[in-house]
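Q: The residues making up each chain are set out below.
2 protein chains.
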Amino acid sequence: MALRIISRHLLQKPAAWRYSTAAFPSSPQAKCQEYERPLMKTTVPGPKSQALKRELSAIQHSDAVKFFCDFSASRGNYLVDADGNRMIDLLTQISSIPLGYNHPALIEILQDPENMSTFVNRPALGILPPLDIVRLISESLLLVAPRGLRQVQTMACGACSNENAFKAVFFWYRNKQRGGSASHEDLESSMLNQMPGSPDLSILSFNGGFHGRTLGCLSCTHSKAIHKVDVPAFDWPIAPFPHLRYPLDEFTAENAHEESRCLEQVEEQIEAYSRRGRPVAGIVVEPIQAEGGDNHASPDFFRRLRGLATKHGCALICDEVQTGCGATGRFWAHEYWNLDSPPDVVTFSKKMLTGGFFFKDELRPDASYRIFNTWMGDPTKVLLLHAVLRVIREKHLLEGTQRAGVVLLRGLTQLQEQYSNLLSEARGQGTFCAVTVRDQKTCDNLLTSCLNKGVVLSGCGERSIRFRPALIFTEQHANIFLEIFDSVLAECK
Amino acid sequence: MALRIISRHLLQKPAAWRYSTAAFPSSPQAKCQEYERPLMKTTVPGPKSQALKRELSAIQHSDAVKFFCDFSASRGNYLVDADGNRMIDLLTQISSIPLGYNHPALIEILQDPENMSTFVNRPALGILPPLDIVRLISESLLLVAPRGLRQVQTMACGACSNENAFKAVFFWYRNKQRGGSASHEDLESSMLNQMPGSPDLSILSFNGGFHGRTLGCLSCTHSKAIHKVDVPAFDWPIAPFPHLRYPLDEFTAENAHEESRCLEQVEEQIEAYSRRGRPVAGIVVEPIQAEGGDNHASPDFFRRLRGLATKHGCALICDEVQTGCGATGRFWAHEYWNLDSPPDVVTFSKKMLTGGFFFKDELRPDASYRIFNTWMGDPTKVLLLHAVLRVIREKHLLEGTQRAGVVLLRGLTQLQEQYSNLLSEARGQGTFCAVTVRDQKTCDNLLTSCLNKGVVLSGCGERSIRFRPALIFTEQHANIFLEIFDSVLAECK
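Top line first, the protein sequences correspond to chains Y and V. Under my numbering, think of the first position of the first sequence as 64, with each following residue one higher. Under my numbering, think of the first position of the second sequence as 64, with each following residue one higher.
It should be emphasised that the hints constitute simulated quantities derived from the structure, not laboratory data. Errors might be hidden in some of the hints.
Note that identical chains are pooled: a pair holds if it fits in a single copy or bridges any two copies.
Result set (DSBU-like, lysine-lysine): computed pairs, CA atoms no more than 30 Å apart in a straight line [stated by the list, open to error]:
no.	residue 1	residue 2
1	K239	K516
2	K104	K423
3	K556	K423
4	K504	K104
5	K111	K423
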């Protein structure tokens, strides 16, 4: 209890990134603050990471491993690797660490004896939920429910969230088609994967979109071929996503024209698939296409997409797995759109720590066990989210992210002027930024050079660098990164 | 440290189900032993559970909720609900609590400061794994790797595990077909969900099988129509699963005939789908069809199925999500089959706490990012599994489960003789048992009566009761259950 009081006290002191000794009783990092700058001891991966990678490679494919992390030595925006290299992290475990490493508010959750039984007894949430789940969800997820959506279902990860969102959309669409629940014939034929019980319905997705890698999601993912090749897919409609020119406010007329072209294709696809007897039950879209290359579209595009969905009786599924939880400077990226009617479904995961989806009352399943699995999420992740959301509120992290984003984007814009042969299309909302690099090889080289100077980053699309820092990333951190990036660019041949 | 020594000491004392005071410093249950018997205060759900259910119902469909659990008051085989009812648990959160509630070995994991950073910093395992992951996997998953399988990939849940197992099988099959990696044409066409990049391959599954509820898995699930109806499905082959007569050793000739009939159908389906240009890349099967009604088949059936898979170049995927981790009295249920060549893939989740799959070296993907997602499992679950496996070894829980299973199955067999108008087909391996009830309504009534006398159970298939206790369920617990079940059956009209 004493510890909790201390931790709360620390949280109230602005910028006090400090650990109580009790948090790491056996750790030499006790009482340390966040590190001041990157500090590199080896190239990355260093010898210890390389040795571990060889060991891991004996039991699974591990070529994608960048390095091994020493999480207990990591702090805030700084990730420390197995070789003691300390790097500023603008990737944050693929955009999934909301408050940086070892945040005291999360440590407090782990140290509270009241939470012990949640961590050691994972419930089957759909049939035997814990006493405190309603309160937990009410004080976490419901506080950030997108306007107009009052229903929420937790899930374990982003792909599960999208798969189940699709299912909820299919149930809703078929009930609407039939004017009621499934018939005996529907039930019987579904057991054999045959019509009408296994209906020929589709989800419309966009070129460049990413929605996960399970078979349903993967049919809607079109970011990189290596994610998709050799996996059977549903023949579902795919529409072009706008290729806009940046900065968006300099090319409004041209971009509006491109967006209209894409929306016409959306409508054509909906009509074509309807004629083919495979109606579009839902449209799935990311507010910013993240894996596909940080492709933006205007609020007007999304408002018109919402209109098309309504016109054709399709549900609009807004996939906020990567954009959600504040990185754009608003809690949900779709808040920038000023929609008259909200998306029908909003899916989330990553920084939210728990997966899941919000949905309109109309999309609530009409029977038990239709949206169901053993665990249906994990209350330990909701506990952690509860703390994350409190810190976001108390520390005004959305505002901080907006401020840091201004510095980051302005810096990227200046660097692209300075290195116009290398960089273009600096773009972003909040700290959810990206910049396009001349070619793929140069992009890879820049990422490697940044890593070896103590910046963890990754690419997206064919040749963009994306920025996905935590919500505790400040103007100061942006400046540290920009200074290093400048030096990397200066050395780039 | 003192605590760890105490806990280890306790673990070494047989049947010492005791909590150190430090484990629950603020809990009135400190120092308590496992409860002795069920103790009921209300009917279930009681007034507190009912009130919570009304609240939950405002934010999601909650008709399937049985009652709300007070996990901190639960102990070992006893689950306590919101109204203070204490029930012996033979369902264990749909077969996913390996060591009962609040096991000291799991509490110890949470209390060890060395583990703190694992719980508060979830890594993107595929690119930035933690320092200790190789050791953790080596000392947990690899120790229980099925014979012949040396590769393992963690995943978040059972459905993800099966989806990714299917993908690994598709990659392997296509590389085999082509004699090498994907062509440019494969890559290009896959982005549009078109052949040849999105190939027309299939997974053969069985009537009555259950493999999860995401779209790929659901195409292989055929246990209950309500799980499937209204969701688009792949047109993949479905073979009959043997309908055997029990006890198996009394009907060997008849059952062998039925198994041959099913295996002929398997081969016919493989050939038919090959002719239709949709070859069978893999066959997915549960060692005991669990959700579908605890349907057993003989080791000979599985050996011949293995042979058919090999003959036709299909991978055999053994779904041990529900059967794995000891409930059958062996760690993996397929160990009972004495296969010459192991299954190509074995998937797991539930009691294993982490999802994932073991696979043969040949099924290792040929490139990075083919089996990939943000989290690829959760090291906190591997940490907990590490402790679970240690307790299974140290406490000889497989042997204990075999002993308890003998008492349970013998008791069920006696009750079905005594109440032959109500029960039949008592069957099982280890404590993974079931009994068939006269009709669905009677089955539901028996389950309700058991619940109100302090036994948590659930049905499977159309009218079976399944038993899924934890691995700490002993002969004594079996006798407590049998006594109550006898009284319920005696009162059944």
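Q: Please go over all the hints and tell whether each is borne out by the structure.
A: Here is what the structure says about each hint:
no., hint, verdict
1, K239 / K516, "neither (57 Å within a copy, 42 Å between copies)"
2, K104 / K423, "neither (52 Å within a copy, 38 Å between copies)"
3, K556 / K423, "neither (53 Å within a copy, 44 Å between copies)"
4, K504 / K104, "within (26 Å within a copy, 70 Å between copies)"
5, K111 / K423, "between (50 Å within a copy, 28 Å between copies)"
The structure shown violates the earlier hints numbered 1, 2, 3.
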